[in-house]
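Colleague: Here the protein sequences line up with chains H and U, keeping their order. The numbering of the first sequence is this note's numbering, which starts it at 1 and goes up by one. The numbering of the second sequence is this note's numbering, which starts it at 457 and goes up by one.
Wrong hints could be hidden among the right ones.
Said to hold, decoys possible - The calculated lysine-lysine pairs, modelled on BS3-like cross-linking and capped at a C-alpha distance of 27 Å, are:
(1) U:878 <-> H:156
(2) U:897 <-> U:878
(3) H:441 <-> U:878
(4) U:897 <-> H:422
(5) H:441 <-> H:422
(6) H:441 <-> U:897
Stated by the list, open to error - To be clear about the criterion: a stretch of chain U counts as covered by chain H if any three or more of its residues have a C-beta under 8 Å from a C-beta of chain H, and this derived list gives those stretches:
(7) 829-839
(8) 860-872
Claimed, not checked - Among chain U residues calculated to face chain H with C-beta under 8 Å, some are:
(9) 486
(10) 612
(11) 615
(12) 617
(13) 631
(14) 645
(15) 653
(16) 671
(17) 700
(18) 741
(19) 743
(20) 797
(21) 846
(22) 889
(23) 903
(24) 911
FYI, nobody ran anything at the bench for these hints, they're computed from the structure. Remember, it's a predicted structure, so these values are computed and weren't measured experimentally. Note that beta-carbon positions come from the ideal geometry of N, C-alpha and C, so glycine has one too.
Number of protein chains: 2
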Amino acid sequence: MDDDLIARLRTGLPPEALLTDPQVTASYASDMADFCPAGAPAVVVLPRTVEQVRHVMRTATALRVPVVPQGARTGLSGAANASDGCIVLSLVKMDRILEVSAVDRIAVVEPGVVNAVLSRAVAEQGLYYPPDPSSWEQCTIGGNIGTASGGLCCVKYGVTAEYVLGLDVVLADGRLLRTGRRTAKGVAGYDLTRLFVGSEGTLGVVVGAVLALRPAPPRQLALAAEFPSVAAACEAVCAVMEAGLAPSLLELMDGTTVRAVNALGKMGLPESTQALLLAAFDTPDAPAALAAVGELCTAAGASAVVPAEDEAESELLLRARRMSLTALDALRPATMIDDVCVPRSRLAEMLDGTAAIARTYGLLIGVCAHAGDGNTHPVVCFDPADEDEARRARESFDQIMALGLALGGTITGEHGVGVLKKEWLARELGPVGLEMQRAVKQAFDPLGLLNPGKLF
Amino acid sequence: MDDDLIARLRTGLPPEALLTDPQVTASYASDMADFCPAGAPAVVVLPRTVEQVRHVMRTATALRVPVVPQGARTGLSGAANASDGCIVLSLVKMDRILEVSAVDRIAVVEPGVVNAVLSRAVAEQGLYYPPDPSSWEQCTIGGNIGTASGGLCCVKYGVTAEYVLGLDVVLADGRLLRTGRRTAKGVAGYDLTRLFVGSEGTLGVVVGAVLALRPAPPRQLALAAEFPSVAAACEAVCAVMEAGLAPSLLELMDGTTVRAVNALGKMGLPESTQALLLAAFDTPDAPAALAAVGELCTAAGASAVVPAEDEAESELLLRARRMSLTALDALRPATMIDDVCVPRSRLAEMLDGTAAIARTYGLLIGVCAHAGDGNTHPVVCFDPADEDEARRARESFDQIMALGLALGGTITGEHGVGVLKKEWLARELGPVGLEMQRAVKQAFDPLGLLNPGKLF
Numbered sequence: 001m002d003d004d005l006i007a008r009l010r011t012g013l014p015p016e017a018l019l020t021d022p023q024v025t026a027s028y029a030s031d032m033a034d035f036c037p038a039g040a041p042a043v044v045v046l047p048r049t050v051e052q053v054r055h056v057m058r059t060a061t062a063l064r065v066p067v068v069p070q071g072a073r074t075g076l077s078g079a080a081n082a083s084d085g086c087i088v089l090s091l092v093k094m095d096r097i098l099e100v101s102a103v104d105r106i107a108v109v110e111p112g113v114v115n116a117v118l119s120r121a122v123a124e125q126g127l128y129y130p131p132d133p134s135s136w137e138q139c140t141i142g143g144n145i146g147t148a149s150g151g152l153c154c155v156k157y158g159v160t161a162e163y164v165l166g167l168d169v170v171l172a173d174g175r176l177l178r179t180g181r182r183t184a185k186g187v188a189g190y191d192l193t194r195l196f197v198g199s200e201g202t203l204g205v206v207v208g209a210v211l212a213l214r215p216a217p218p219r220q221l222a223l224a225a226e227f228p229s230v231a232a233a234c235e236a237v238c239a240v241m242e243a244g245l246a247p248s249l250l251e252l253m254d255g256t257t258v259r260a261v262n263a264l265g266k267m268g269l270p271e272s273t274q275a276l277l278l279a280a281f282d283t284p285d286a287p288a289a290l291a292a293v294g295e296l297c298t299a300a301g302a303s304a305v306v307p308a309e310d311e312a313e314s315e316l317l318l319r320a321r322r323m324s325l326t327a328l329d330a331l332r333p334a335t336m337i338d339d340v341c342v343p344r345s346r347l348a349e350m351l352d353g354t355a356a357i358a359r360t361y362g363l364l365i366g367v368c369a370h371a372g373d374g375n376t377h378p379v380v381c382f383d384p385a386d387e388d389e390a391r392r393a394r395e396s397f398d399q400i401m402a403l404g405l406a407l408g409g410t411i412t413g414e415h416g417v418g419v420l421k422k423e424w425l426a427r428e429l430g431p432v433g434l435e436m437q438r439a440v441k442q443a444f445d446p447l448g449l450l451n452p453g454k455l456f
Numbered sequence: 457m458d459d460d461l462i463a464r465l466r467t468g469l470p471p472e473a474l475l476t477d478p479q480v481t482a483s484y485a486s487d488m489a490d491f492c493p494a495g496a497p498a499v500v501v502l503p504r505t506v507e508q509v510r511h512v513m514r515t516a517t518a519l520r521v522p523v524v525p526q527g528a529r530t531g532l533s534g535a536a537n538a539s540d541g542c543i544v545l546s547l548v549k550m551d552r553i554l555e556v557s558a559v560d561r562i563a564v565v566e567p568g569v570v571n572a573v574l575s576r577a578v579a580e581q582g583l584y585y586p587p588d589p590s591s592w593e594q595c596t597i598g599g600n601i602g603t604a605s606g607g608l609c610c611v612k613y614g615v616t617a618e619y620v621l622g623l624d625v626v627l628a629d630g631r632l633l634r635t636g637r638r639t640a641k642g643v644a645g646y647d648l649t650r651l652f653v654g655s656e657g658t659l660g661v662v663v664g665a666v667l668a669l670r671p672a673p674p675r676q677l678a679l680a681a682e683f684p685s686v687a688a689a690c691e692a693v694c695a696v697m698e699a700g701l702a703p704s705l706l707e708l709m710d711g712t713t714v715r716a717v718n719a720l721g722k723m724g725l726p727e728s729t730q731a732l733l734l735a736a737f738d739t740p741d742a743p744a745a746l747a748a749v750g751e752l753c754t755a756a757g758a759s760a761v762v763p764a765e766d767e768a769e770s771e772l773l774l775r776a777r778r779m780s781l782t783a784l785d786a787l788r789p790a791t792m793i794d795d796v797c798v799p800r801s802r803l804a805e806m807l808d809g810t811a812a813i814a815r816t817y818g819l820l821i822g823v824c825a826h827a828g829d830g831n832t833h834p835v836v837c838f839d840p841a842d843e844d845e846a847r848r849a850r851e852s853f854d855q856i857m858a859l860g861l862a863l864g865g866t867i868t869g870e871h872g873v874g875v876l877k878k879e880w881l882a883r884e885l886g887p888v889g890l891e892m893q894r895a896v897k898q899a900f901d902p903l904g905l906l907n908p909g910k911l912f
């Protein structure tokens with residue numbers, strides 16, 4: 001079977017595009033999510049052209065072999081994990097930036113372009129591609145599209161979905177579908193573009209994208225505020241948003257996270273704080289806006305408000321925030337990273353509730369949050385070798401999602417469902433929601449070959 | 457048949473929610489698009505609750521009767537036109553604003569809320585709902601969602617789709633589907649919310665929406681620039697966007713439109729101009745930004761640049777622009793309004809080409825455009841009683857769409873497909889695109905009862 005598959009794949013692919021050594025293919029088995037099952041791929045394919053991708057999909061359909069599309073495998077939900085006997089279809093070699101237009105404010109790219117490479121390329125033309133997931137130096141645009149990635153910029157600039165204007169997609173049977181547009185607006189037919197964004201490779205293989213760009217804003221200026229409680233910091237977040245301010249970043253780190261970052265990076269953050277709030281603005285009136293935020297923080301009970309002296313100091317603060325997950329990961333042998341997003345008016349309840357869950361289960365749970373979005377990342381730190389602790393970790397992880405749903409939130413703000421949260425997707429969507437999701441899957445992939453076992 | 461239908465409908469609807477008098481029901485037959493076929497409804501239903509809508513859809517499915525959802529019928533593509541024997545399902549009585557939150561920056565509304573009513577209600581809380589189609593004093597949010605409406609704000613704020621976070625939808629068989637979220641971010645499953653936006657009532661009936669709001673910006677300040685040619689005005693548009701400026705409005709009126717507006721509204725616009733460009737900014741640095749635009753206009757060949765003295769004068773300029781379609785409509789017995797959107801780098805070619813088409817066909821075609829978006833509204837003015845002129849009008853209308861597609865554009869930037877452009881949708885999407893659109897329709901409405909004959 002595998003021999004036939006590989007022989008057929010060879011007919012439309014150069015030798016270097018096919019990896020079959022089991023030791024090599026095993027290294028493509030999973031993304032960065034721990035504790036998600038992953039199978040052994042039959043083969044890894046690294047195409048360089050759309051035609052090669054079509055050949056792979058035609059072959060997969062002919063032989064009924066599942067296909068798992070992959071980018072840089074920096075995902076956090078197991079959405080890119082291989083299934084046994086599958087073709088891993090890695091798009092990382094399709095990494096050309098085909099066009100950047102300052103007049104049309106678009107970029108046309110292949111899926112394997114690394115996020116940071118694109119960001120730098122457009123910056124050279126005075127342009128800005130906002131989505132900035134924390135893995136931006138590694139992750140690809142195709143992966144960002146597959147998972148609908150977010151980042152620190154979202155409170156002002158929104159998520160990846162808002163920057164995808166059109167797509168070229170190879171369907172399960174090898175047909176090439178072009179969706180969307182190159183224009184600023186367009187309403188010709190159903191919005192299939194958005195359907196693919198966040199679909200985790202289950203509806204088709206993205207082989208090209210037209211992305212929207214913005215003019216580059218001024219570099220941002222930041223401020224840090226220390227709070228005696230997480231709830232007070234959340235109150236400040238609500239006050240900032242209610243006041244109509246438009247920060248380019250509004251991030252929260254709890255005391256556990258602050259101390260973890262200090263331990264890892266010697267950042268010199270205030271050790272005794274219960275919550276550190278970082279706000280930034282990228283507008284000409286940033287100093288005034290930061291002053292307004294400072295006043296709102298003080299009114300909410302901040303014990304200290306420290307504006308960065310300049311852009312370099314601002315960048316240092318953001319580096320501390322970007323280091324949070326790595327720092328929490330270093331505290332204990334393993335972590336599970338949650339991604340619950342609630343209406344920001346419920347943020348304090350979410351975080352207080354998370355702290356209560358940590359106490360109930362006797363676990364260390366550090367939280368960093370895209371607070372302006374209500375998007376929290378509780379990081380459950382534990383030792384998987386300790387069976388009881390591992391069970392408590394899993395239960396607390398689930399309790400956090402249950403709390404998020406009870407507060408009118410979602411189980412995933414930006415990391416996606418993958419295999420990690422598929423049971424929870426059904427809970428969030430309810431029976432009718434799930435039926436219609438499955439109906440869409442059926443319409444695009446009737447044989448169920450694309451990334452099976454993910455989402456549902 | 458009709459008797460059975462009406463008897464069944466009565467079992468779940470109050471008497472005043474059912475209109476059966478043929479003279480009355482006939483008045484619900486069509487939207488504002490001319491020259492689109494419309495049938496005679498069997499009945500018009502005006503529900504006030506979700507449960508009533510579900511009853512209507514269950515009845516329609518049981519009896520296999522088509523249903524045409526309607527808002528205020530201000531659409532311009534015949535998407536809300538009745539088909540013979542259908543149930544017209546008018547959502548205008550479901551017009552409650554259920555919630556407005558400044559902290560969460562959302563509004564929760566029923567579909568029949570009028571756009572301007574919502575805009576004013578949220579403005580009272582210092583909030584802003586950007587989408588502003590020119591019919592905003594009449595059109596409903598449900599209609600805006602169905603057609604994915606645009607407006608003057610789009611160059612900075614985008615279209616309706618970007619403000620719809622979640623939906624309650626009654627499916628063809630009466631099931632209630634909840635999509636999306638109340639949160640700022642969320643990636644749980646396929647984005648069905650966006651699939652419904654712009655689907656013209658062919659996939660389900662929107663009965664509730666969670667809308668994103670923004671903080672209210674300062675009132676905008678505008679500038680008018682006169683150009684000796686449309687091409688020069690388009691050059692200025694490209695220069696403004698290439699310079700990284702972010703106008704809240706960037707509109708173009710050709711000479712024909714300017715003179716039509718003067719004739720209708722005694723606006724005192726410059727009669728001899730070939731193109732009038734209006735730019736506005738709603739930021740604290742608006743005067744400086746307008747000065748920069750003025751310089752770019754002059755460099756592109758503007759013969760005069762006139763900044764508005766204040767907000768009131770700015771509002772007057774915008775009123776002239778908003779009057780354009782009505783003014784062009786008054787020139788001749790009838791009009792056909794096109795809605796082609798091209799990459800803005802191709803705008804000059806689009807408008808010069810449109811002028812050439814007008815000359816070739818010996819027709820009066822006035823153009824106003826959301827120039828910053830590359831979205832043009834060529835208005836073909838003609839006398840339908842003159843058979844030859846009517847034929848030329850239809851042909852020129854089609855030639856304009858063909859030109860838009862040849863320039864990498866779309867046949868519709870914001871007005872939708874309806875019945876007016878359904879042949880052209882197939883051309884724009886191509887065979888695979890159309891197949892997948894139909895597959896989606898099949899997944900949601902297997903019996904084909906929802907707004908049949910629209911889109912495809």
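Colleague: Does each hint hold? Answer for all of them.
Modeller: A quick look at each hint next to the structure:
{"no.": "1", "hint": "U:878 <-> H:156", "result": "37 Å, violated"}
{"no.": "2", "hint": "U:897 <-> U:878", "result": "15 Å, holds"}
{"no.": "3", "hint": "H:441 <-> U:878", "result": "26 Å, holds"}
{"no.": "4", "hint": "U:897 <-> H:422", "result": "26 Å, holds"}
{"no.": "5", "hint": "H:441 <-> H:422", "result": "15 Å, holds"}
{"no.": "6", "hint": "H:441 <-> U:897", "result": "13 Å, holds"}
{"no.": "7", "hint": "829-839", "result": "holds (count 3)"}
{"no.": "8", "hint": "860-872", "result": "holds (count 9)"}
{"no.": "9", "hint": "486", "result": "20 Å, violated"}
{"no.": "10", "hint": "612", "result": "11 Å, violated"}
{"no.": "11", "hint": "615", "result": "6 Å, holds"}
{"no.": "12", "hint": "617", "result": "7 Å, holds"}
{"no.": "13", "hint": "631", "result": "5 Å, holds"}
{"no.": "14", "hint": "645", "result": "5 Å, holds"}
{"no.": "15", "hint": "653", "result": "7 Å, holds"}
{"no.": "16", "hint": "671", "result": "3 Å, holds"}
{"no.": "17", "hint": "700", "result": "3 Å, holds"}
{"no.": "18", "hint": "741", "result": "6 Å, holds"}
{"no.": "19", "hint": "743", "result": "13 Å, violated"}
{"no.": "20", "hint": "797", "result": "4 Å, holds"}
{"no.": "21", "hint": "846", "result": "25 Å, violated"}
{"no.": "22", "hint": "889", "result": "6 Å, holds"}
{"no.": "23", "hint": "903", "result": "14 Å, violated"}
{"no.": "24", "hint": "911", "result": "6 Å, holds"}
Hints 1, 9, 10, 19, 21 and 23 from the list above are not met by this structure, while the remaining hints are.
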